[in-house]
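**Student:** Sequence:
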Amino acid sequence: MKKIIVLALLAFTSPLAVHAATFKFPEEKPVASITIPDSWKPEETDSGVQGTSDDSAVYLSADVANNKSIDKVVTDAIDFLAKNKVTIDPSTKKETPTTEVNGLQMGTLEWDGKDEDGPISVGLLIVQVSADNALVVTYWGDKGKEDKHDAEVKAIVASIKPVK
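Residues in the sequence shown are numbered from 47 upward in steps of one, following my numbering.
None of these hints come from the bench; they were simulated from the model. As the structure is a computational prediction, the values presented were derived from the model and not from experiment. Note that CB positions come from ideal geometry on N, CA and C, so glycine has one too. Treat the hints with care, since some could be wrong.
To be verified - Pairwise CB distance ranges, derived in the manner of DEER restraints: (1) 133 / 68: 27 to 37 Å; (2) 135 / 177: 29 to 39 Å; (3) 118 / 74: 10 to 20 Å; (4) 65 / 140: 30 to 40 Å; (5) 74 / 142: 30 to 40 Å; (6) 73 / 113: 30 to 40 Å.
Build the full structure now, drawing on both the sequences and the hints.
**Tutor:** Here is the structure:
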């Protein structure tokens with residue numbers, strides 16, 4: 047996971063697969079956009095977008111938060127993982143210092159964990175898209191399978207832009 051985030055943080059632009067959908071969200075008053083390959087079957091959610099790699103090795107979502115709701119959005123992301131039987135090993139927590147990419151401040155929290163299929167990587171990426179709004183990007187990837195999606199994940203994260 048750390049390798050994925052580092053690659054994304056170093057990228058300023060990166061092409062995605064030929065077929066990809068760009069989402070501006072939330073729908074009623076967009077604050078950010080993100081591009082996710084069609085093969086990930088991206089879809090809008092109540093607070094953002096989500097997609098899963100075609101082999102189900104990687105799940106990624108991006109949810110909008112404002113300064114007042116950021117803690118709740120992070121808690122909701124962790125609750126979603128728990129509801130899906132993801133167990134995080136708190137002793138493996140790694141925090142990456144905030145870095146600027148595409149003019150946006152990004153910071154990460156990462157853990158090792160497990161789900162019903164075995165060992166996984168879990169990450170939360172906080173992206174400040176404006177003075178009042180951020181995205182909480184949730185990452186969940188199967189160890190041993192997630193590496194083949196490094197380029198796609200890097201491109202997805204690099205595609206995050208504020209909507210003006």
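**Student:** When the hints from earlier in the document are held up against this structure, which numbers fail?
**Tutor:** 6
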